[in-house]
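Participant: Top line first, the protein sequences correspond to chains S and W. Residue numbering for the first sequence follows the numbering used here, starting at 1 and increasing by one per position. Residue numbering for the second sequence follows the numbering used here, starting at 1 and increasing by one per position.
Hints in this document: simulated from the structure, not taken from any laboratory. None of the values given here were measured: they were computed from a predicted structure. Don't take each hint at face value.
[Stated by the list, open to error] What the simulated footprint calls covered on chain S by chain W, stretch by stretch (three residues with Cβ under 8 Å from a Cβ of chain W suffice, anywhere in the stretch; the number is not a length):
1. 18 to 24
2. 96 to 110
[To be verified] One-sided and incomplete, this derived list gives chain W residues near chain S with beta-carbon spacing under 8 Å:
3. 41
4. 43
5. 48
6. 52
7. 61
8. 65
9. 67
10. 103
11. 104
[Unchecked claim] Subject to a maximum C-alpha distance of 25 Å in a straight line, what follows is the list of computed PhoX-like cross-link-like pairs (lysine-lysine):
12. W/44 with S/42
13. W/27 with W/71
14. S/42 with W/27
15. W/44 with S/102
Where a beta carbon is used, it is the ideal one built from N, C-alpha and C, also for glycine.
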Amino acid sequence: KQEVTQIPAALSVPEGENLVLNCSFTDSAIYNLQWFRQDPGKGLTSLLLIQSSQREQTSGRLNASLDKSSGRSTLYIAASQPGDSATYLCAVKGNTPLVFGKGTRLSVIA
Amino acid sequence: NAGVMQNPRHLVRRRGQEARLRCSPMKGHSHVYWYRQLPEEGLKFMVYLQKENIIDESGMPKERFSAEFPKEGPSILRIQQVVRGDSAAYFCASSPNLDSSYEQYFGPGTRLTVT
């Protein structure tokens with residue numbers, strides 16, 4: 001059974017800092033991994049999708065890496081801004097439907 | 001091209017009533033997924049439907065919950081005789097086809113409160 005863990009559960013950083021969010025999964029037989037952003041009381045915004053054959057994806061200040069063999073992904077956020085404050089969710093797609101981690105709650109302090 | 005639409009956005013029901021949640025997938029998408037997010041918990045898969053077929057309902061409680069995706073119209077998640085533990089955010093996602101490499105696009109969710 002696939003399990004997804006995100007560390008840390010919460011993170012508070014000063015504006016401008018670079019930061020890394022971690023995601024690990026127990027079954028490496030995945031098709032893809034997605035990173036989402038969720039604002040309080042809102043829906044999910046897809047940030048990056050990494051296919052199993054890819055090592056990383058970049059979008060603006062965001063960079064996500066995938067090491068399928070070790071069951072790990074990281075989301076790197078450069079030059080963080082207060083508007084980045086949200087919960088970041090990692091989800092993996094294997095032979096089962098999407099399995100989500102519980103998220104990392106990020107606060108960027110101005 | 002509108003995204004995934006869900007309505008209502010907020011729904012309040014008293015214990016014992018029925019809740020009906022609707023999801024209209026993105027245009028051209030024939031696969032719909034329902035997820036539930038309990039307070040302080042991650043999203044959990046409930047059910048996966050294709051037009052007129054339930055493909056996987058392994059995450060859906062056996063009692064009181066049902067889902068459909070008719071040939072015409074939105075997908076419906078129905079919860080009968082709601083209890084306080086059903087209070088949660090229910091999210092719908094859609095994808096264009098069965099290929100597992102395709103991204104799922106999520107709707108804004110329906111927040112159900114049972115009083």
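Participant: Each hint needs a verdict: does it hold in this structure or not?
Facilitator: Hint check:
no.	hint	in the structure
1	18 to 24	violated (count 0)
2	96 to 110	holds (count 8)
3	41	holds, 7 Å
4	43	holds, 4 Å
5	48	holds, 6 Å
6	52	violated, 19 Å
7	61	violated, 16 Å
8	65	violated, 16 Å
9	67	violated, 13 Å
10	103	holds, 5 Å
11	104	holds, 6 Å
12	W/44 with S/42	holds, 16 Å
13	W/27 with W/71	holds, 14 Å
14	S/42 with W/27	holds, 22 Å
15	W/44 with S/102	holds, 10 Å
Consistency with the previously given hints fails for numbers 1, 6, 7, 8 and 9, ordered from lowest to highest.
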